[in-house]
Amino acid sequence: MSTAVADKKPAAAEVIPTFNVTLRIRRFDPEVDEEPRWEDFDLEVFATDRVLDALHKIKWEVDGSLTFRRSCAHGICGSDAMRINSRNRLACKTLIKDLDITKPITVEAIKGLPLEKDLIVDMEPFFDSFKEVNPFLMAGPVKGGKERKQSPVERARFDDTTKCILCAACTSSCPVFWTDGQYFGPAAIVNAHRFIFDSRDEGAGVRLDILNDKEGVWRCRTTFNCTDACPRGIQVTQAIAEVKQAIIKGHA
Amino acid sequence: MPEKSASNLVAEPKSPSKIRSPKRPAGTLYRGNEGMWSWVLHRITGVAIYFFLLVHILDTALVRVSPEAYNQVIETYKTPVMGLGEIALVAAIAFHAFNGLRIILIDFWAFGAKHQRAMFWVVIGLWLILLAGFIPRQLMHVFGG
Ligand code: HEM
Ligand code: SF4
Ligand code: FES
Chain F
4 MSTAVADKKP AAAEVIPTFN VTLRIRRFDP EVDEEPRWED FDLEVFATDR
54 VLDALHKIKW EVDGSLTFRR SCAHGICGSD AMRINSRNRL ACKTLIKDLD
104 ITKPITVEAI KGLPLEKDLI VDMEPFFDSF KEVNPFLMAG PVKGGKERKQ
154 SPVERARFDD TTKCILCAAC TSSCPVFWTD GQYFGPAAIV NAHRFIFDSR
204 DEGAGVRLDI LNDKEGVWRC RTTFNCTDAC PRGIQVTQAI AEVKQAIIKG
254 HA
Chain H
819 MPEKSASNLV AEPKSPSKIR SPKRPAGTLY RGNEGMWSWV LHRITGVAIY
869 FFLLVHILDT ALVRVSPEAY NQVIETYKTP VMGLGEIALV AAIAFHAFNG
919 LRIILIDFWA FGAKHQRAMF WVVIGLWLIL LAGFIPRQLM HVFGG
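Protein sequence lines correspond, in order, to chains F and H. With this note's numbering applied, the first sequence corresponds to residues 4 to 255, in that order. With this note's numbering applied, the second sequence corresponds to residues 819 to 963, in that order.
Looking at chain H on its own, in the form it has when it is part of the complex (with noise of 0.2 Å):
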């Protein structure tokens, strides 16, 4: 009996047999975890709040042109499409305010460091609170007339 497991125990497993060849020319999507993601949210709000930030100083500078064009652009802002592009931007900025404490604690504590991963969810835990906060009360505001 021994002798037989032993000879299995060498037995090589059967050759590899098939090749084929699927379409996918690119490489795959590196899969980083909770800091590689923190980072790409972080760069996108970053420039999304660039871009929105340009668009209110212009907006604003307008008063200065005209305050009745500038009247009227306050206007649009008060449909119920811009109500709901105002809490994409407070989502944008929280995230990017919170993430960014936990970057600014990662450089300069090496406790921060250490417990990045641990930092990121307690960042997404403030963003949810903070938003659970705003959400409801910009809802009312902006469909309760």
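Extracted from the complex, chain F is given alone in its bound form (with noise of 0.2 Å):
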């Protein structure tokens, strides 16, 4: 018994392999620079790092004025949507070994979105748009004081939209949004399509009323863009044609 413990020792003890790459940042420093600029990182990094890991190594190693949001690290607080190789992921879901790493690997901040900072953007006009949408529940008391009851079949009916975490990985994806800010971006219309299909809430009226609007569900324009960066699979396009039906329709 003991052999064959021995036999099968562990893969666990081998060396994790290392490799070179190099990123290529977009930097802004609103202080010095009139201009983004681009700045390369040589680094050596593990097989298992993600692109968040090779941030972390650059702003504790060697440049601790690079700028940058992430909180868990995990992929489920929304902080670190970034452009990584011209498309919109997140940081912390980005295997870098995943990349092109014969390339030097680009790093830019969300497009559409006032710059900040490096990688930081001003994410309020993109959460005003969430807030019009009333991403809240809308019903009035239950009759007897019980629990509002829903089967599985109206559970399913939204199931898609109540797992965006608000990374705006869609909405900085979208060509419409990038030329016409005001457009109110497919992530409030996934917020809003979450409430409009809940058997349970009675303001699906209110919420197709507001995305009946030039601004609205009637600027997409279908680049399926959002649908392919969304970190969270929703199916984010369809979730729009479901919202422009339900108002040519005028009803959920």
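Hints are not guaranteed to be accurate.
What the hints assert, rightly or not - PhoX-like mimics (lysine-lysine), calculated; alpha carbons at most 25 Å apart, straight line:
id	chain 1	residue 1	chain 2	residue 2
1	F	Lys149	F	Lys134
2	H	Lys896	F	Lys166
3	H	Lys896	F	Lys252
4	F	Lys134	F	Lys60
5	F	Lys114	F	Lys146
Stated by the list, open to error - Some chain H residues flagged as far from chain F (calculated, every beta-carbon gap over 10 Å):
id	residue
6	Leu847
7	Tyr848
8	Asn851
9	Met854
10	Ser856
11	Trp857
12	Leu876
13	Pro885
14	Met900
15	Ala906
16	Ile911
17	Phe916
18	Ile921
19	Ile924
20	Ala928
21	Gly943
To be verified - Which bits of chain F does chain H cover? Going by a derived footprint, with three or more residues having C-beta under 8 Å, they are:
id	region
22	125-131
23	221-229
I should point out that these hints are in silico values taken from the structure, not numbers from a laboratory. The C-beta atom is built at its ideal place from N, Cα and C for all residues, glycine as well.
Starting from the two chains in their separate frames, assemble the complex, guided by the hints.
Now the structure itself:
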């Protein structure tokens, strides 16, 4: 028995391979720079490292002035959406080994929101649109003071859009949003969808009215950038299409 | 032996060193997929068709002003350059029409939103078939005399 154990030595004792990469980061310091500038950092990283680990390595060991947002580091707080190799992703969910490491990896702030510093943008316009769709349950008191019942089928109707972490990867991947900052954007519509199709909610009409606007769902040009960018795999464009159809029908 | 491996495991890779500043102030071009590029083409072809129609309505209206001038204009359309231009026009309209149907299916049919990528390649396929039928005939017409 003991020999069998000795034969099957755990693989964990092996060394995690490392490799060299270049991170090309778009820096901007509002107190010094007139224009953003690109800066290259050469580093040796583990095959298990994510882009967020590389950013930490730079901030902690090379240049402490590098500025970015992150909190959970596990894909749930929605703080670290950024443009990595020209696509919106969460730095904490992007393994470096999955990118093309033969070329420099570009890291930029998300597009369409005011750049504040390095990888940080002003998220207020994004959250303003979110607030405008009334992202909370709108319902009167229940008859008899009991709980609001919902069948599994009714719950499944809006399950996809409950997963949003408000990272803004979708909204800032949208070509319409880049040129028209007034557009509500995919994230606000996703969060409206979450309540419009909730059988317990009574505010669908109000939300459909809000989104039946020049800057509402009709701005959507179905480029699917939002669906491709969403780190939660939400079918964003489909949710927008469902809201468009609900507006045409006049109800959810 | 295991001790040695374990110490290798915790050993950090060398600290990063070099910092360089490549010149390229603007951000990179967003790398969208089929959906984004089909939209770019849809808009370019839509605007192009619009300008063609504008000119075409004006030249047709000319017949009411002066039939001779109208004939002169129509004569210039028979040159090879215009013949090739017609190929570009047919290509633009065909793409815009097929992709327009794809967008309608995406907006009104749940299947469409799920399979938009496949539908894009169907659009390209139909478009190529249509052009394969049209271009040889048009070239014979233009250069065959
Ligand atoms: C042949 C039949 C046609 C079909 C099936 C069609 C379909 C469509 C559809 C569905 C859209 C909406 C695109 C979206 O929501 O993103 C659209 C947009 C547009 N179409 Fe057409 N169309 C046709 C002909 C034309 C013609 C003849 C013109 C020019 C006069 C034209 C110019 C445009 C323009 C400028 C847009 C706006 C593009 C954009 O906003 O990105 N289309 N078309
Ligand atoms: S829908 Fe997806 S991409 Fe958009 S904010 Fe929510 S989690 Fe982020
Ligand atoms: S740091 Fe929380 S989502 Fe990436």
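Checked hints:
1. Lys149/F <-> Lys134/F: violated, 29 Å
2. Lys896/H <-> Lys166/F: violated, 60 Å
3. Lys896/H <-> Lys252/F: The hint is violated at about 50 Å.
4. Lys134/F <-> Lys60/F: violated, 36 Å
5. Lys114/F <-> Lys146/F: The hint is violated at about 47 Å.
6. Leu847: violated, 6 Å
7. Tyr848: Incorrect as stated: the minimum Cβ-Cβ distance to chain F is 6 Å, not above 10 Å.
8. Asn851: violated, 6 Å
9. Met854: Violated, since 4 Å does not exceed 10 Å.
10. Ser856: Answer for Ser856/H: violated, closest chain F Cβ roughly 8 Å.
11. Trp857: The claim breaks: Trp857/H does not keep its Cβ more than 10 Å from every Cβ of chain F (closest is about 4 Å).
12. Leu876: holds, 30 Å
13. Pro885: holds, 43 Å
14. Met900: holds, 32 Å
15. Ala906: holds, 24 Å
16. Ile911: Holds, because the least Cβ-Cβ distance between Ile911/H and chain F comes to about 19 Å, which exceeds 10 Å.
17. Phe916: Given that every Cβ of chain F is farther than 10 Å from that of Phe916/H, nearest at about 15 Å, it holds.
18. Ile921: violated, 6 Å
19. Ile924: violated, 5 Å
20. Ala928: Per Cβ check, Ala928/H is inside 10 Å of chain F; nearest 7 Å; violated.
21. Gly943: holds, 19 Å
22. 125-131: Result for this restraint: violated, n = 0.
23. 221-229: With 5 residues close enough to chain H, the hint holds.
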